[in-house]
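Chemist: Residues per chain, in single letters:
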Amino acid sequence: MPCANVTIMFQAAKSLDEALAAIDDATTLVVPREVSGVPMAATRALIRRGVKNLHLIALPTSSLQADLLIGAGCVATLETSAVSLGEFGPAPRFVAAATSGAIRIKDTTCPALHAALQAAEKGVPFMPLRGLIGSDVLKYRNDWKVVNNPFGNDDPIVLLPAIHPKVALFHAPMADRCGNVWIGRQRELATMAHAAAATIVTVERLHDGNLLEDPILAAGTLPAFYVDAIAIAERGAWPLGLPDHYELDAEHLSLYARMAASAQGFAEYLDKYVYERRAA
Amino acid sequence: MPCANVTIMFQAAKSLDEALAAIDDATTLVVPREVSGVPMAATRALIRRGVKNLHLIALPTSSLQADLLIGAGCVATLETSAVSLGEFGPAPRFVAAATSGAIRIKDTTCPALHAALQAAEKGVPFMPLRGLIGSDVLKYRNDWKVVNNPFGNDDPIVLLPAIHPKVALFHAPMADRCGNVWIGRQRELATMAHAAAATIVTVERLHDGNLLEDPILAAGTLPAFYVDAIAIAERGAWPLGLPDHYELDAEHLSLYARMAASAQGFAEYLDKYVYERRAA
Amino acid sequence: MFMSAVRRDFRDEELLADVIARLIGDARHVAVGNASPIPATAALLARAQNGNMRPHVSLLQSRRHNFFTDGARELFDCAGQGRIDVFFLSGGQIDGYGNINLVSTGDYAHPAVRFPGSFGSSYLYYVVPKVILFRTEHSRRTLVPQVDFVSAPGTSERNVYRTGGPVALVTNRCVFTFTGGRFRLASVHPGHTVEEVIENTGFDFDLPDAVPATPTPTPEALRLMREVVAPQLAEVYPRFTAEVFGPPQSAA
Amino acid sequence: MFMSAVRRDFRDEELLADVIARLIGDARHVAVGNASPIPATAALLARAQNGNMRPHVSLLQSRRHNFFTDGARELFDCAGQGRIDVFFLSGGQIDGYGNINLVSTGDYAHPAVRFPGSFGSSYLYYVVPKVILFRTEHSRRTLVPQVDFVSAPGTSERNVYRTGGPVALVTNRCVFTFTGGRFRLASVHPGHTVEEVIENTGFDFDLPDAVPATPTPTPEALRLMREVVAPQLAEVYPRFTAEVFGPPQSAA
Chain A
1 MPCANVTIMF QAAKSLDEAL AAIDDATTLV VPREVSGVPM AATRALIRRG VKNLHLIALP
61 TSSLQADLLI GAGCVATLET SAVSLGEFGP APRFVAAATS GAIRIKDTTC PALHAALQAA
121 EKGVPFMPLR GLIGSDVLKY RNDWKVVNNP FGNDDPIVLL PAIHPKVALF HAPMADRCGN
181 VWIGRQRELA TMAHAAAATI VTVERLHDGN LLEDPILAAG TLPAFYVDAI AIAERGAWPL
241 GLPDHYELDA EHLSLYARMA ASAQGFAEYL DKYVYERRAA
Chain B
281 MPCANVTIMF QAAKSLDEAL AAIDDATTLV VPREVSGVPM AATRALIRRG VKNLHLIALP
341 TSSLQADLLI GAGCVATLET SAVSLGEFGP APRFVAAATS GAIRIKDTTC PALHAALQAA
401 EKGVPFMPLR GLIGSDVLKY RNDWKVVNNP FGNDDPIVLL PAIHPKVALF HAPMADRCGN
461 VWIGRQRELA TMAHAAAATI VTVERLHDGN LLEDPILAAG TLPAFYVDAI AIAERGAWPL
521 GLPDHYELDA EHLSLYARMA ASAQGFAEYL DKYVYERRAA
Chain C
561 MFMSAVRRDF RDEELLADVI ARLIGDARHV AVGNASPIPA TAALLARAQN GNMRPHVSLL
621 QSRRHNFFTD GARELFDCAG QGRIDVFFLS GGQIDGYGNI NLVSTGDYAH PAVRFPGSFG
681 SSYLYYVVPK VILFRTEHSR RTLVPQVDFV SAPGTSERNV YRTGGPVALV TNRCVFTFTG
741 GRFRLASVHP GHTVEEVIEN TGFDFDLPDA VPATPTPTPE ALRLMREVVA PQLAEVYPRF
801 TAEVFGPPQS AA
Chain D
813 MFMSAVRRDF RDEELLADVI ARLIGDARHV AVGNASPIPA TAALLARAQN GNMRPHVSLL
873 QSRRHNFFTD GARELFDCAG QGRIDVFFLS GGQIDGYGNI NLVSTGDYAH PAVRFPGSFG
933 SSYLYYVVPK VILFRTEHSR RTLVPQVDFV SAPGTSERNV YRTGGPVALV TNRCVFTFTG
993 GRFRLASVHP GHTVEEVIEN TGFDFDLPDA VPATPTPTPE ALRLMREVVA PQLAEVYPRF
1053 TAEVFGPPQS AA
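Those protein sequences? They're chains A, B, C and D, same order as listed. Take the working numbering: the last position of the first sequence gets the number 280, and nothing is skipped along the way. Take the working numbering: the last position of the second sequence gets the number 560, and nothing is skipped along the way. Take the working numbering: the last position of the third sequence gets the number 812, and nothing is skipped along the way. Take the working numbering: the last position of the fourth sequence gets the number 1064, and nothing is skipped along the way.
Derived by calculation from the structure, the hints in this document are not laboratory data. Worth double-checking, as some hints may not be accurate.
With the C-beta cut set under 8 Å, the calculated list includes, among others, these residues of chain A facing chain B [claimed, not checked]:
no. : residue
1   : Gly152
2   : Ile157
3   : Leu217
Only pairs whose alpha carbons sit at most 30 Å apart, straight line, appear in this in silico DSBU-like list of lysine-lysine [what the hints assert, rightly or not]:
no. : chain 1 : residue 1 : chain 2 : residue 2
4   : D       : Lys942    : A       : Lys166
5   : A       : Lys145    : A       : Lys106
6   : D       : Lys942    : A       : Lys106
Coverage of chain B stretches by chain C, computed from C-beta distances (three or more under 8 Å per stretch; other residues unrestricted) [to be verified]:
no. : region
7   : 332-343
8   : 359-371
9   : 381-393
10  : 430-437
All residues carry an ideal CB built from backbone N, CA and C; glycine is no exception.
Next comes chain A alone, as it looks inside the complex (with noise of 0.2 Å):
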């Protein structure tokens, strides 16, 4: 009996696009972090797809999926409280839809995010956050407010509305075929699984056994119940990194920022790098 905890919402591992399927035009979707494990296999078949008007939230920050993603027409709203190719330069597609106004970004800060998928997670309506009064941040947010906090005497606090986004989205070294998944540190793949109603990963293989069942392997497994589809995408960080398993491509990415730079050489990098895979 090795699945005994599996929930029936959990389907073997499917196909790339049928695992894709829940994520639909203006879905909000919750995506992690460079180092966390950033689905990009998943990301160029949506793109493929031609999904529209996600109101994108990277958990807090992102890098080329944010990009390319916007780029490609994707994206309606962007929340994060990043968005840049690192070493590699600004975020070329982001930077051009911020100053052309094509899409509408709802600048954060890191913890902000954290604690309003927290929020959702524990099921309550917000969480507060020290920091944020004075600035601008705070400023523009009108869906965040201030309070004096109840246990103090005058002391402003800020509370930050749950957010809960319709599906997660990432990639992961490894899955069991019950649907547990292994995310190791990146505990925020948690909180974002628990906040977002339906959880889509991919992986870089398959584990055989049972992940729960071995307690060392247990302690960083996202159990199945949280998770609605797998699939298999190997390498599908793919040219980011995914620590502990493979480097990012460094000169993809380079690559990527020179011809990102402008429209038509971001056309040519979605014709060569992304729909060529179409039949993939």
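Starting from the structure of chain A, add chains B, C and D where the hints point.
Modeler: Same frame as chain A, now just chains B, C and D:
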């Protein structure tokens, strides 16, 4: 360089009594529930030392540990959502102290304790929690507040002030020589350590190598940065169990339940099973 | 436990588990707390009967039937997310308003009897849609007009966030359902009578003109409990399983 | 980078790291964000100089020098607990009030230039006791009278919870300290002048009668950077390490 990340706060594994030195009279001490690693050897050492007036926080419940400490006169205030010996019956010294008024009890409910410690972990003054309204748990907690959810409409919600323990104390399967402690799935142990000013851990054994250097082990590791003292205590949860390692000692717990039913029997228990180990 | 003259081919525990399994129905996720072998049997029976892996059953005392990897808080977070559909609570006292008392009798500051404490009830009672109250001892000591301490109330004001609450109370004598803030006698177990229920219940409840007998377990339900459920249960409740279902068999 | 006629036996990066290491002093825990090789060098140098394993250094881009196992939120939780003493921030714009802008110039709704975003600054600036601002480009474009967007303010009203904030600003030309809501010129790097600093700074700052030259790294500091720090740094910043400190040596 096996301990690149070790903090100077950590000292190599100490004797049990040395490790417990920071637990003075009147310490606000947080300890875990039965299946999460109850430091029973350490508890007996504290009783032998004659610690007094503890503010004991059992996250979120306790069994033998709280009963022993209460019976031995170590506790002034107990904050928890339940104390019971489970299938071995009521916790007799807890019940006696509660009905005689020998200790002050701050009754709470499991998720309220978790949330209040997470508030300290996150550096916020309070956390909201659903439920509670209309209960006598809330009625008798004048340190809690009910406010109107500012994101709702006539929607009362409870706010719980952060709990900042002075010391977190627990038992875990293993630590390494850098001071990292493997806690596995018992993530509330990390929250306890994050929330407390100091953390003291007993472990079954030392692990060779650095727990943080193996990604699989690291996923279940509390970093040395949060750990102030470690002592080795083999079978340190006895007569309780340590899940995945050893079962509880049912015969001994039955014996305890019988002996502790009277004050005299409890005194005999202490003589036989706590003080006799003074030389150990 | 039951004073019955009827010849039966099932045990009291099997009847109770069968009753509770029917109350569970087709839920997605049933969580069962510690020291609750009969509700655990019921949850696993419901799952075996549905035959589609529903409901997912979390036995909090188990390692195998317990997927939680985010620490002791995950049960409560999970409930707060709306992902736990059925839970079981009990009470040192339960009153006719559905209030439960897990703390103490008498004056709270100077209690006559002290119970263990409220556990998670002051939260879970509000956010788990189907809470099944289970208390085998059906007496005027346990089922009282009004509890001395409200660990969690049976109902809340309209403006209080509440997505859950009690749906039924199962005792060793009968089943009450809970609607509109009151209990209603739904069935009396074989070998027991309405008069006996009235006599041993400290609170008022709605009494239909005709009260059916609690249906007895079907042969198929008994077979599933004994052959499918018992081997799963043995990990967590070896003594209960051996006593009720006989010597352990190999797991299915 | 520096226009210097003085013969020197150190590189600009070494001077800056040395300056920052002195600003760090005897802290317990220094955290260094991504893409910050000079602050990372400084933190590891401070540790090597103290010789007592203090401060603990967290390089967030590293696996080895990064103990976090509780996900991306742990850095912020750790800071909220008061367990991070020193952090580094920068800004597309920094103004004379210590405000930093990591978001955009011009009108926020129609930005002229868009920067990546505020990252954790809108929180960390308030709760890390010693925030060292570091921006190598020292020009009127970056050091402005008033930022167009406040990612995080340099100071706060008295009733705002604030246990941290800026203590200094290090550029390629000089060191400013920050007290009383204003910058004060503390030292000018060798090869640079006070006049040059005034000319290239868009904001007002306090100017002492005599401004010392930034002390140059001691031979011992240079030795530590090259022999002890460089091998540790190479894991995270291989290109920077090779360029500044020469070919990799085996780790200490």
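Chemist: All hints are to be evaluated individually against the structure, with a verdict given for each.
Modeler: Consistency of the hints with the structure:
1. Gly152: Where the cut-off is 8 Å and the nearest Cβ of chain B is about 6 Å from Gly152(A), the hint holds.
2. Ile157: At about 7 Å, which falls below the 8 Å cut-off, the nearest Cβ of chain B leaves the hint on Ile157(A) intact, so it holds.
3. Leu217: Since the shortest Cβ distance to chain B is 7 Å, the answer is holds.
4. Lys942(D) / Lys166(A): 39 Å, violated
5. Lys145(A) / Lys106(A): 15 Å, holds
6. Lys942(D) / Lys106(A): Since the Cα atoms of Lys942(D) and Lys106(A) sit roughly 29 Å apart, the hinted pair holds (cutoff 30 Å).
7. 332-343: Holds, because 3 residues of the region 332-343 of chain B bring their Cβ atoms closer than 8 Å to Cβ atoms of chain C.
8. 359-371: Result for this restraint: holds, n = 9.
9. 381-393: Result for this restraint: holds, n = 7.
10. 430-437: Check passed, 4 qualifying residues.
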